[in-house]
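Note that the protein sequences, when read in sequence, are chains A and B. Take 1 as the starting number for the first sequence in UniProt numbering and just add one per residue. Take 1 as the starting number for the second sequence in UniProt numbering and just add one per residue.
Worth flagging that the hints you see were computed from the coordinates, not collected in a lab. Everything numeric in this text was worked out from a predicted model, so none of it was measured. Be aware that a few hints might be false.
To be verified - The calculated DSBU-like cross-link candidates involving lysine-lysine, where the alpha carbons are at most 30 Å apart (straight line), are:
no.: 1; chain 1: B; residue 1: 21; chain 2: A; residue 2: 53
no.: 2; chain 1: A; residue 1: 236; chain 2: B; residue 2: 61
no.: 3; chain 1: B; residue 1: 276; chain 2: A; residue 2: 331
no.: 4; chain 1: A; residue 1: 3; chain 2: B; residue 2: 347
no.: 5; chain 1: B; residue 1: 367; chain 2: A; residue 2: 335
no.: 6; chain 1: B; residue 1: 276; chain 2: B; residue 2: 61
no.: 7; chain 1: B; residue 1: 203; chain 2: A; residue 2: 331
no.: 8; chain 1: A; residue 1: 236; chain 2: B; residue 2: 270
no.: 9; chain 1: B; residue 1: 346; chain 2: B; residue 2: 203
no.: 10; chain 1: A; residue 1: 3; chain 2: B; residue 2: 12
no.: 11; chain 1: A; residue 1: 236; chain 2: B; residue 2: 347
no.: 12; chain 1: A; residue 1: 3; chain 2: B; residue 2: 61
no.: 13; chain 1: B; residue 1: 276; chain 2: A; residue 2: 236
no.: 14; chain 1: B; residue 1: 12; chain 2: B; residue 2: 270
no.: 15; chain 1: A; residue 1: 236; chain 2: B; residue 2: 12
no.: 16; chain 1: A; residue 1: 325; chain 2: B; residue 2: 21
no.: 17; chain 1: B; residue 1: 367; chain 2: B; residue 2: 203
no.: 18; chain 1: A; residue 1: 325; chain 2: B; residue 2: 276
no.: 19; chain 1: B; residue 1: 21; chain 2: B; residue 2: 270
no.: 20; chain 1: A; residue 1: 236; chain 2: A; residue 2: 119
no.: 21; chain 1: A; residue 1: 3; chain 2: B; residue 2: 265
no.: 22; chain 1: B; residue 1: 240; chain 2: B; residue 2: 265
no.: 23; chain 1: B; residue 1: 203; chain 2: B; residue 2: 347
no.: 24; chain 1: A; residue 1: 296; chain 2: B; residue 2: 265
no.: 25; chain 1: B; residue 1: 347; chain 2: B; residue 2: 240
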Amino acid sequence: MSKKSFRQAINEALRQEMRRDPRVILMGEDVAGGRGGTSGVKDAWGGVLGVTKGLLTEFGEDRVLDTPISEASYIGAAAGAAATGLRPVAELMFVDFIGSCLDQVLNQAAKFRYMFGGKARTPMVIRAMYGAGFNAAAQHSQSLYPLFTHIPGLKVVIPSSPYEAKGLLIEAIRDDDPVIFLENKVMYDEEEDVPDESYTIPFGEANLTREGEDVTIVAIGRMVGMANEAADRLEKQGITCTVIDPRTTSPFDEDTILECVEETGRLVVVDESSPRCNMACDISALVAERAFGALKAPIVRVVPPHTPVPFSTPLEKLYMPSAEKIEAAVKNVMKQHAREVA
Amino acid sequence: MTNTIVALTMPKFGLAMTEGKLASWLVEPGQSVKQGDELADIETSKITSGYESPTAGVLRKQVAPAGETLPVGALIGVLADPAVSDADIEAFVTRFQAEQSTGEEAEGANSADTEPHQVQAGEYSLNVRDVGTGDDLPLLLIHGFGGDISNWLLTQDALASGRRVIAFDLPGHGASTKAVTDGSLAGLAGAVADLLDALSISKAHVMGHSLGGGIALTLLRDHADKVASLSLVAPAGLEKAVNMAFITGFIEADRNRAMQQELEKLVHDKSLIGRKMVDSVMRARRLDGARDALRTIATACFPNGEQGDDLRPVLDAAKVPVQLFWGEADEVLPVAGAENVPSSVKKHILPGVGHLPQLEKASDVNKETEEFLKERVPA
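Based on the provided sequences and hints, a complete structural model is requested.
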């Protein structure tokens, strides 16, 4: 056990699964990074943010494949490779690029098992970076997990910390269905204790990162850390919160959310994806439908405005949810209750 | 005590504990307490435990509020006689905190000595935590099925004044080698003998909990020369019965909620099993090979849904001092097993305690064990 960054945790998960199972291969733009240039240097970067660094030198060019800038071709190739027995991990770089290859995911990989009467398996993982807060502007900052969650046949994973990332990625690689694995690009340098050994975290089980009595906060990906920060500040002010990290939005652990709302009677949902038809909507509908009687106050959503992610630093900051905004939202649901009682 | 001011600091419950949460104060400022009274509840990643007053006095100040998470050694409160003035208390708090902030580096270096490390014992690499020194024979702690060194977090340091105390993860457990080649009591006792050899310990006091008690008895049978005394805590081997539903559920639980239900069977006061404790057990269980190791051991030790080894003859023939602890409310190994021991064994049957006496009634177990090791065993 030692402190590892989010980046190292993901690299270690890939490395250990590639050592364990020769069927695991990597493909994507720049996963080798620098290979093919004129300098003669191999493995210079390991992807734009260095996540796959060192894998080319250990596993060679047969298993770490730099691809042309053609998402439709290599995501399609990965789906085909999975259907014929390999376990590809394809990197889409920025999740925003899904537009170029959506058919391969939406109509092919997600549907193989169903269309072939259960006779085909598609054990592929698509890794991609998501999220704002990196000054990467509107085409490289989106949080598109609601789009994938909407598609039956896909599993969607959004890790909230280095420990979570390693266990969930190993689970994703060993899973027999197509898995979308989304990494928040702002989190790559965050560190925590991560076991050196391989381990798996099951899909569809939410994780409680805080336990409290007053308000349930459901937060996704990077938002979990912000929710924890808000919950710790609020505890000092006498308001205790349960913080739920769903880990996967498909499959989705509805029971844990419903149970916690039954206990606290108040719900705040934190979601950094665009506010229309996002996870916050989905979770709010779930609770309104199945735990309405338990609610002591209206549900509050902490979400960005419905606009492309701004490039301007001050505007991007304004756009993003934050611990301060979550703290204010929690105080808001607490006040609404007080007013009703009075 | 008259003018003495006693600092109450965040305790270190052994192992990797670096910080703890002051879950609640149980005593108000101005209240008098006796030595051993519980002052506060401390929540760690492993367990919630009472903080016992180190001495008699009046709680003069709660320095840390309930809910605060503090590093080990941080000042949480002050105990003193009513004769001590408030000004002196304040001065003490200021001085203590100032000294602590400058002394932090030294403390870090100290705790590194007690970090667990890997020791090659025969075919296994075992995770070993080795603390204390002294003239007494060393004490070896053997945890139970599915446990790890953290089962001794309230035991190891408490017994380590005047002797070396060694806790380790059994093969297949914690941070030790996961693959278990021989999961029988004899195989595991062999690994323990290898560990003693690797640590150059020719003879030790041995304390074993649950399956670890069965391993301790088997060690006495197979390597009698290595055992100076036996302290058995709800040990295996004295009865046929074992709660197989627990054993199976405990191995196979793959969700935190399922694991919580299993862990609650280990204790009488169910509130001891917090979310963090469940999470820490699940983190160990998720490691590749961890479940397989437990399945191997369960198959070897509990064939046909009951205990396979009858170790009563070993105890009847024992030539070393033996003491026994058992919780009356044990849901895993029934306390009836305590009836099957010879009269020479010093028995402690603890009411209102489940399968983890060393955690549930740590101070009693530690006090009795300290006396047992000092008085009943010739140095």
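Do the hints match the structure? See the list:
1. B:21 to A:53: violated (39 Å)
2. A:236 to B:61: holds (19 Å)
3. B:276 to A:331: holds (26 Å)
4. A:3 to B:347: At roughly 45 Å apart (the allowed maximum being 30 Å), residue 347 of chain B and residue 3 of chain A break the hint.
5. B:367 to A:335: Given that 30 Å is the threshold and the Cα spacing comes to 51 Å, the pair is violated.
6. B:276 to B:61: holds (29 Å)
7. B:203 to A:331: Distance ~62 Å between residue 203 of chain B and residue 331 of chain A Cα, so the pair is violated.
8. A:236 to B:270: holds (27 Å)
9. B:346 to B:203: Given pair residue 346 of chain B, residue 203 of chain B holds - Cα atoms ~21 Å apart, limit 30 Å.
10. A:3 to B:12: Holds. Residue 3 of chain A to residue 12 of chain B sits at ~21 Å (cutoff 30 Å).
11. A:236 to B:347: violated (46 Å)
12. A:3 to B:61: violated (37 Å)
13. B:276 to A:236: holds (20 Å)
14. B:12 to B:270: holds (23 Å)
15. A:236 to B:12: holds (24 Å)
16. A:325 to B:21: Holds. Residue 325 of chain A to residue 21 of chain B sits at ~26 Å (cutoff 30 Å).
17. B:367 to B:203: Holds: residue 367 of chain B and residue 203 of chain B sit about 22 Å apart, inside 30 Å.
18. A:325 to B:276: The hint holds at about 27 Å.
19. B:21 to B:270: holds (19 Å)
20. A:236 to A:119: The given pair, whose Cα atoms are some 55 Å apart, is violated under the 30 Å limit.
21. A:3 to B:265: Given pair residue 3 of chain A, residue 265 of chain B is violated - Cα atoms ~33 Å apart, limit 30 Å.
22. B:240 to B:265: Measuring from Cα to Cα gives roughly 19 Å; hence the hint holds.
23. B:203 to B:347: At roughly 24 Å apart (the allowed maximum being 30 Å), residue 347 of chain B and residue 203 of chain B satisfy the hint.
24. A:296 to B:265: violated (35 Å)
25. B:347 to B:240: holds (20 Å)
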